[in-house]
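Spelled out, the chains give:
Number of protein chains: 6
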Amino acid sequence: MSEERYNKGLAQLEAMGGESVQAMLNQLEDMSSDLTGMTVAFAYGDVLSRPGLDLRSRQLATVAALTALGTAPVQLRAHIDMALAVGCTRDEIREVIIQMAVYAGFPAALNGMAAAKEVFRGRDEGEMG
Amino acid sequence: MSEERYNKGLAQLEAMGGESVQAMLNQLEDMSSDLTGMTVAFAYGDVLSRPGLDLRSRQLATVAALTALGTAPVQLRAHIDMALAVGCTRDEIREVIIQMAVYAGFPAALNGMAAAKEVFRGRDEGEMG
Amino acid sequence: MSEERYNKGLAQLEAMGGESVQAMLNQLEDMSSDLTGMTVAFAYGDVLSRPGLDLRSRQLATVAALTALGTAPVQLRAHIDMALAVGCTRDEIREVIIQMAVYAGFPAALNGMAAAKEVFRGRDEGEMG
Amino acid sequence: MSEERYNKGLAQLEAMGGESVQAMLNQLEDMSSDLTGMTVAFAYGDVLSRPGLDLRSRQLATVAALTALGTAPVQLRAHIDMALAVGCTRDEIREVIIQMAVYAGFPAALNGMAAAKEVFRGRDEGEMG
Amino acid sequence: MSEERYNKGLAQLEAMGGESVQAMLNQLEDMSSDLTGMTVAFAYGDVLSRPGLDLRSRQLATVAALTALGTAPVQLRAHIDMALAVGCTRDEIREVIIQMAVYAGFPAALNGMAAAKEVFRGRDEGEMG
Amino acid sequence: MSEERYNKGLAQLEAMGGESVQAMLNQLEDMSSDLTGMTVAFAYGDVLSRPGLDLRSRQLATVAALTALGTAPVQLRAHIDMALAVGCTRDEIREVIIQMAVYAGFPAALNGMAAAKEVFRGRDEGEMG
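Protein chains in written order, with UniProt numbering: chain A, 1 to 129; chain B, 1 to 129; chain C, 1 to 129; chain D, 1 to 129; chain E, 1 to 129; chain F, 1 to 129.
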């Protein structure tokens with residue numbers, strides 16, 4: 001993987017997130033460094049940095065997809081946090097998750113909402129601490 | 001189901017779509033009329049008409065989720081068409097679908113893109129006809 | 001695979017279904033005969049012939065699961081037909097499918113209902129022919 | 001959402017469950033109150049209270065679907081508990097879960113059975129306490 | 001996307017397949033050229049060309065995964081064809097698909113086997129033509 | 001279920017695994033003994049003991065499928081452990097998991113890699129203890 005793509009992805013990640021990005025990078029680091037590198041280079045360097053769609057819509061789309069799939073709770077929480085970091089409101093995130101009840105069923109939406117509550121609570125406690 | 005919710009959903013549907021909505025209503029009609037009614041009342045009357053998130057973001061979120069799930073090609077095409085009807089550009093739809101390669105894999109994204117191509121082509125031919 | 005289990009499965013299948021069973025066996029025959037044998041022996045010989053749950057509840061449970069998964073339309077139609085063969089009413093099948101809107105979303109339920117309509121129509125035409 | 005549908009759903013829920021319903025309502029309450037309301041109104045008020053299928057078959061169908069999907073362990077345990085509350089036997093629940101090995105594979109069935117064991121154990125301990 | 005990665009992916013693709021690769025490239029071409037490029041560059045340039053696992057094992061793993069997911073029949077057929085192109089035998093492919101009955105259920109395995117039959121038949125007819 | 005199939009499955013399991021098999025059998029024992037028996041008889045007695053595909057390829061295929069599905073983390077860890085037991089290298093397992101980023105998305109691959117890390121660490125600590 002070219003260093004250029006990785007650095008572009010890293011810059012994209014850092015531009016987007018706050019504390020959640022550092023936490024995500026630490027989690028990624030603990031894994032296969034090759035997969036970490038690919039994730040940063042492809043997801044953030046190649047795809048999310050593309051023009052043509054604003055970051056807020058991109059994060060809401062990811063929150064929608066991960067809520068619907070229901071198989072990646074860790075990543076769902078990370079992307080809810082990133083959605084907040086790029087300027088989505090808590091209400092917008094809640095609306096997208098509620099909407100998934102229509103397309104993926106109520107259990108998926110309820111689990112998505114539980115993830116959002118956890119992220120919101122973590123942020124509130126961080127601010128209060 | 002209350003007539004009020006159904007009518008609210010129908011109004012929402014008609015406000016959103018063009019020809020695709022009529023096609024969808026015809027398809028729904030052919031099925032259990034109870035399920036048709038619930039779909040209109042719940043999906044469009046209760047959820048999509050909620051304030052707090054604009055219709056463009058809602059449709060992009062649905063396109064993302066249905067592309068990621070990969071189990072509802074008919075509905076995916078209908079929502080790509082509705083996304084266009086509420087003002088999303090073809091490029092925005094393509095971007096959301098490409099992004100799903102990251103979160104649900106390349107086959108999901110490729111199948112989503114094939115669906116989009118089909119919808120776009122249908123519109124182009126319709127306009128030319 | 002023991003002939004005994006296969007024959008037990010075959011007897012179970014024949015006791016359950018009508019024309020749909022023969023169609024299913026023909027379809028199975030066209031595939032790997034080992035997988036055909038396993039399907040008959042395990043699904044029908046080992047599992048569906050177990051006491052402890054009546055066949056009507058078993059078929060409704062399968063219709064529910066295949067509707068929710070959304071990945072096996074051929075098998076869903078076969079099991080809707082079998083559900084009718086073991087005495088489920090069309091209304092019961094419709095209810096189970098509508099219920100899946102709650103647990104797996106409206107697209108899954110709408111596709112399940114389309115499958116049921118197709119099976120019902122096929123039976124109506126068969127009877128009229 | 002109309003108060004009437006919500007109250008109908010609540011009445012349905014209370015008629016069905018025992019302690020599990022209260023636990024579920026508490027869990028729901030902790031989330032978006034809008035989503036809570038929709039769940040009660042739609043799932044219990046609109047769908048599960050429909051005539052045409054008995055509650056025992058409905059709960060077995062839901063246990064089947066959630067076992068097959070494998071993405072909603074909290075809701076699966078709640079519905080196993082509700083299945084018991086509406087009169088399903090432990091053996092019937094076990095049979096439905098075993099049957100899912102055929103339609104969704106052994107890991108799904110094994111995880112479903114682990115959920116059932118947990119619910120059964122919780123009830124046994126509750127009774128003994 | 002760098003031309004180098006794309007060309008590496010293309011070389012990998014061409015080294016692997018026979019006619020199926022050309023068919024796949026044509027199919028890809030018909031879609032978003034950006035997504036085509038990413039697929040070639042990432043899937044074939046970055047991942048499948050990595051040392052550490054032979055191509056036969058890689059293709060069998062992909063056949064296993066796509067059979068289990070059950071959401072990408074077009075890609076499943078393409079990868080069954082590629083598995084043959086890199087030296088897997090028809091029996092090995094059948095065994096992997098049969099094995100998926102254990103991990104993803106019989107409908108997934110039966111649909112996977114139907115896909116394999118179709119690919120095998122296409123090759124037999126091609127040879128005879 | 002015939003004792004012969006169960007014993008064949010048990011022999012296959014014991015031939016494959018080391019400590020992980022005993023842990024798996026204990027876990028299975030805690031569940032419905034009928035489902036335990038079926039798992040051993042069908043998965044190990046009928047399927048995995050078939051000639052036509054070596055055990056290393058079989059385990060890599062299962063790791064691929066369970067990583068892609070993302071719904072069975074307990075079983076994924078067990079099969080990563082079994083893959084090591086039948087002679088797969090850690091690198092081969094990592095490669096299969098990385099490859100799943102292409103076919104099922106990065107979250108699935110990242111969660112699969114986290115499972116592998118956990119299994120590898122458990123083995124390293126066991127050896128050191």
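Since the hints were derived computationally from the structure, they do not count as laboratory data. C-beta atoms are modelled at their ideal positions from N, C-alpha and C, and glycine is treated no differently. Among the hints, erroneous ones may be present.
[Unchecked claim] Calculated Cβ distances over 10 Å to all of chain F for the following chain C residues:
#1 E4
#2 R5
#3 V47
#4 G122
[Stated by the list, open to error] For each label pair, taking beta carbons as the anchor points, the in silico distance ranges come out as:
#5 G87(C) <-> S2(F): 25 to 35 Å
#6 N7(D) <-> S2(C): 27 to 37 Å
#7 N7(F) <-> T89(E): 23 to 33 Å
Confirm or reject: V47(C) is not an interface residue toward chain F, with every Cβ-Cβ distance exceeding 10 Å.
About 8 Å separates V47(C) from the closest Cβ of chain F, which leaves it inside 10 Å; violated.
Taking the closest pair, is the beta carbon of R5(C) still more than 10 Å from chain F?
At about 8 Å from chain F, R5(C) fails to clear the 10 Å cut-off, so the statement is violated.
Any Cβ of chain F at or closer than 10 Å to G122(C), or is the non-interface label fine?
It holds; G122(C) is separated from chain F by about 32 Å at its closest Cβ, greater than 10 Å.
Range agreement (Cβ of S2(F) with Cβ of G87(C), hint 25 to 35 Å)
Distance hint for G87(C), S2(F) holds at roughly 31 Å.
Satisfaction of the hinted span 27 to 37 Å by the C-beta atoms belonging to N7(D) and S2(C)
violated, 57 Å
Per the hint of 23 to 33 Å, is the separation of the Cβ atoms of N7(F) and T89(E) within bounds?
Holds: the Cβ-Cβ distance is about 30 Å, inside 23 to 33 Å.
Closest CB of chain F to the CB of E4(C) still more than 10 Å away
Violated, because the least Cβ-Cβ distance between E4(C) and chain F comes to about 8 Å, which does not exceed 10 Å.
Figure legend: structure checked against the earlier numbered hints; hints not met, in rising order: 1, 2, 3 and 6.
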